[in-house]
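S.K.: Bring the two chains, given one by one in their own frames, into a single complex with the hints.
The listed protein sequences correspond, in order, to chains A and B.
Going by my numbering, the first residue of the first sequence is number 1, and it counts up by one from there.
Going by my numbering, the first residue of the second sequence is number 197, and it counts up by one from there.
The hints are simulated quantities; they were obtained by calculation from the structure and are not laboratory data.
Note that the coordinates shown come from a computational prediction; the quantities given were computed from them, not determined experimentally.
All residues carry an ideal CB built from backbone N, CA and C; glycine is no exception.
Keep in mind that a hint or two might mislead.
[To be verified] In silico BS3-like links for lysine-lysine, alpha-carbon gap of 27 Å or less:
hint: 1; chain 1: A; residue 1: Lys142; chain 2: B; residue 2: Lys275
hint: 2; chain 1: B; residue 1: Lys233; chain 2: B; residue 2: Lys275
hint: 3; chain 1: B; residue 1: Lys275; chain 2: A; residue 2: Lys92
hint: 4; chain 1: B; residue 1: Lys233; chain 2: A; residue 2: Lys76
[As the list claims (entries may be wrong)] Chain B side only, calculated, beta carbon under 8 Å to chain A, not exhaustive:
hint: 5; residue: Glu285
hint: 6; residue: Tyr348
hint: 7; residue: Gly351
hint: 8; residue: Ile380
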Amino acid sequence: MKKILIIAIVSVLAISAFSQSSLTALQYSIGFGTGDMHDYIGKASFRGFTVDYRKLVQPNVGVGVDIGWNVFYEEKAWDVYEGQNNVTYSGKQWRYSNHFPMLVAADYYMNPNSEMSVYGGLGIGTMYTLQNTDMGAYTFEKDAWHFALRPEVGILYQPSPGTAFTIATKYYYGLKAGDLPAQGFFTINVGLVFIN
Amino acid sequence: MRRGIKLVLFSMSIVLLWGCYPGGPDYIEELDISLSKHNPEYDFTVKSTYAMPDKIVKITGNLVEGEEPAFIPDVTAQKILAMIADNMEALGWQRVDVSANPDLLLTPASWETTTIYYWYDYWYWWYGGYYPGWGWGGYYPGYYPPVYWSSYTTGTLVMGLVDKSILGANGNPVTQWTGAVSGIMTYSFSESRIRTAIDNVFAQSPYLKTN
Numbered sequence: 001m002k003k004i005l006i007i008a009i010v011s012v013l014a015i016s017a018f019s020q021s022s023l024t025a026l027q028y029s030i031g032f033g034t035g036d037m038h039d040y041i042g043k044a045s046f047r048g049f050t051v052d053y054r055k056l057v058q059p060n061v062g063v064g065v066d067i068g069w070n071v072f073y074e075e076k077a078w079d080v081y082e083g084q085n086n087v088t089y090s091g092k093q094w095r096y097s098n099h100f101p102m103l104v105a106a107d108y109y110m111n112p113n114s115e116m117s118v119y120g121g122l123g124i125g126t127m128y129t130l131q132n133t134d135m136g137a138y139t140f141e142k143d144a145w146h147f148a149l150r151p152e153v154g155i156l157y158q159p160s161p162g163t164a165f166t167i168a169t170k171y172y173y174g175l176k177a178g179d180l181p182a183q184g185f186f187t188i189n190v191g192l193v194f195i196n
Numbered sequence: 197m198r199r200g201i202k203l204v205l206f207s208m209s210i211v212l213l214w215g216c217y218p219g220g221p222d223y224i225e226e227l228d229i230s231l232s233k234h235n236p237e238y239d240f241t242v243k244s245t246y247a248m249p250d251k252i253v254k255i256t257g258n259l260v261e262g263e264e265p266a267f268i269p270d271v272t273a274q275k276i277l278a279m280i281a282d283n284m285e286a287l288g289w290q291r292v293d294v295s296a297n298p299d300l301l302l303t304p305a306s307w308e309t310t311t312i313y314y315w316y317d318y319w320y321w322w323y324g325g326y327y328p329g330w331g332w333g334g335y336y337p338g339y340y341p342p343v344y345w346s347s348y349t350t351g352t353l354v355m356g357l358v359d360k361s362i363l364g365a366n367g368n369p370v371t372q373w374t375g376a377v378s379g380i381m382t383y384s385f386s387e388s389r390i391r392t393a394i395d396n397v398f399a400q401s402p403y404l405k406t407n
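Chain B with its partners taken away, still in its complex shape (with noise of 0.2 Å):
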């Protein structure tokens, strides 16, 4: 009896603890992030022109020779390109057709990662808290205990500086700075998400300030 005492005890412990285990984000902003990556040994301070294409291409897997590649929507590019001109400008740059033999070529693309995931019924509310803005669920039926699925979608935007002077052992330009943002995508376009991931990419990434 004591045993069966000391076993309901633990049993409820076991329950409880894991039952108040700690969730993640509330809002789907929170899930922004921006990343740069920079060449320490390159002197940017010295360059003062950049060009930047008025289209932001959409990277959807290797492109077969002679294939045109994929672009986002115009009305949603022109609105990234001004952010990334924005803060260029910020940082003392001048935007020059690539006709004008500029330093450094700016170089942004874009792609889109989903994410598909099944989930047993007892641990969804765990998955239910840290995935805020996950896109469609569902019952995906044949299975017992009932196994859901649901998805989510990662938009990713990636801006790289090129000079083009400066060879890799590929012959290739070599990609002088990175800067990227991620966040989980929703059904309609967020200007000011997108807005503060590209700011905080600019703004973590002061050595790209020219005299």
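One chain only, chain A, in its complex shape (with noise of 0.2 Å):
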């Protein structure tokens, strides 16, 4: 997984050497836990951002890097769960779900020269994840780094030269990993582009 990692990121970085103009998004981002991220925090993520860096190797082909921040948290009302070993415990929880996807990705743009176009891009890498459950004094925690997958679509609207203005969807997915089951996520970003 690193390997391919490693090569992507260098390949991204040589074709970016030879490209003329490149895009900068910072995007604010709104999250929403599917499966079992969501049996574990069924609350929106309302804390989140991602930067996203694209190279134009063609007009309306963009490839890069995308890094980002999505912290999901919910307070769990006093409940009695059943642990492992016939053990059995009692009181509120505290749940902290942090994810941080680190990917390559390419963007294809349908009217790229237009003032509104839109986009649709997948991006491959991986995602980190640090959960806490917070119980009493303590705290119960694993993580780990998952392959991750992400599809996005957006629209791209550039009202004028150097910087646009989009809104997206993304789906994160993590494959099972380590103590965590798949990490699964739909994002909705807003973000400000700057283009070069």
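M.R.: Structure below.
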């Protein structure tokens, strides 16, 4: 996995050396957990951001990298939980799930020269997840590096040269890794794009 | 110039998002927890009597042979023992003297753990929200940036139900049920907090009910 990532990053850097222009997007991200992730924390996350960078290798194709952070949080009401080995425990829980995707990505822009352009893309790489379940004065921590995929669709609106706005929806999916099950969540992103 | 703007925006985003990292408990009693563990092979329903001492041992470390153990103050112990007895009675158990050959022995014990920790000024706000009941704090001189210290003390009460007729490999009776309550201690004894926690331990152990 690491080799693939290194090769991908080196490829992106090599491509960028010959490219004409680039896009850098700073995005605020709202997340909604799915599957096991939703079972752990059902509430939406309003704390997240991504930084996306694309080099345009063709007028309608951009390749680059994405990094981001989404933190999900939920305060669980007092409840009784069944643990392993006939252990039962009760109390309140505070659950935190931090996700740090680090991906290489490629996007396709439908109308690259127009004011409004729809685009779609795919990211592939890794996602680090750090989950803490706080109960009493104790915290139970799990973490894992997942192999991750991220499809995305969005709209790029460029009212003036050099700057654009974007709204996009992404789906992050990290495969089961370590002690953690698969981690999946949708995001809605809005942000500012700098075009060189 | 544009690179500078990007960097400033990026830095501001990180600071803003980190600044609103979600918080934890607001009240100290929210940190009270109850835990139980039992032997699923053991049939409590066919038992009916238990004995319990009228003191609660305070575990302070390994005892030297001949040394008397410490006990928690009688006033507090009597209240806690009454709470335990109430719950056992509600489950159908009859408390008898240890000389009356009870089916089970209930062994209460307690201990305190004080955790001292240090933190730097810039994350003070986070721990400040997480440990609402810490006992004391202050400035730890000699460090820059400023390093602060504080502590919290966790009190734990453990109850074991032991069948003296079943011995483990080491020759000691095996505990068939363990109940524990734990919470961050304050300067005053809160009867309602400990009663709730003890009630919860027994409520989550319905298999203790006798016929």
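S.K.: If a hint holds in the structure, say so; if it doesn't, say that too.
M.R.: The hints, checked one at a time:
At most 27 Å may separate the alpha-carbon atoms for a hinted pair to count; Lys142(A) and Lys275(B) exceed this at roughly 39 Å. Between Lys233(B) and Lys275(B) the CA atoms are separated by roughly 24 Å; this keeps the pair inside 27 Å, and the hint holds. Distance check on the hinted pair: Lys275(B) and Lys92(A) sit about 25 Å apart at the alpha-carbon level, within 27 Å; holds. A threshold of 27 Å between alpha carbons decides the hint, and for Lys233(B) with Lys76(A) the separation of about 22 Å falls inside it, so the pair holds.
Checking Glu285(B) against chain A: minimum C-beta separation of about 21 Å lies over 8 Å; hint violated. Checking Tyr348(B) against chain A: minimum C-beta separation of about 7 Å stays under 8 Å; hint holds. A hinted interface residue such as Gly351(B) counts as satisfied when its beta carbon comes closer than 8 Å to some beta carbon of chain A; here the least separation is about 10 Å, so the hint is violated. Given the 8 Å rule on beta carbons, the hint for Ile380(B) holds: about 6 Å separates it from the nearest Cβ of chain A.
When the structure is compared with the earlier hints, violations turn up for hints 1, 5, 7 and for no others.
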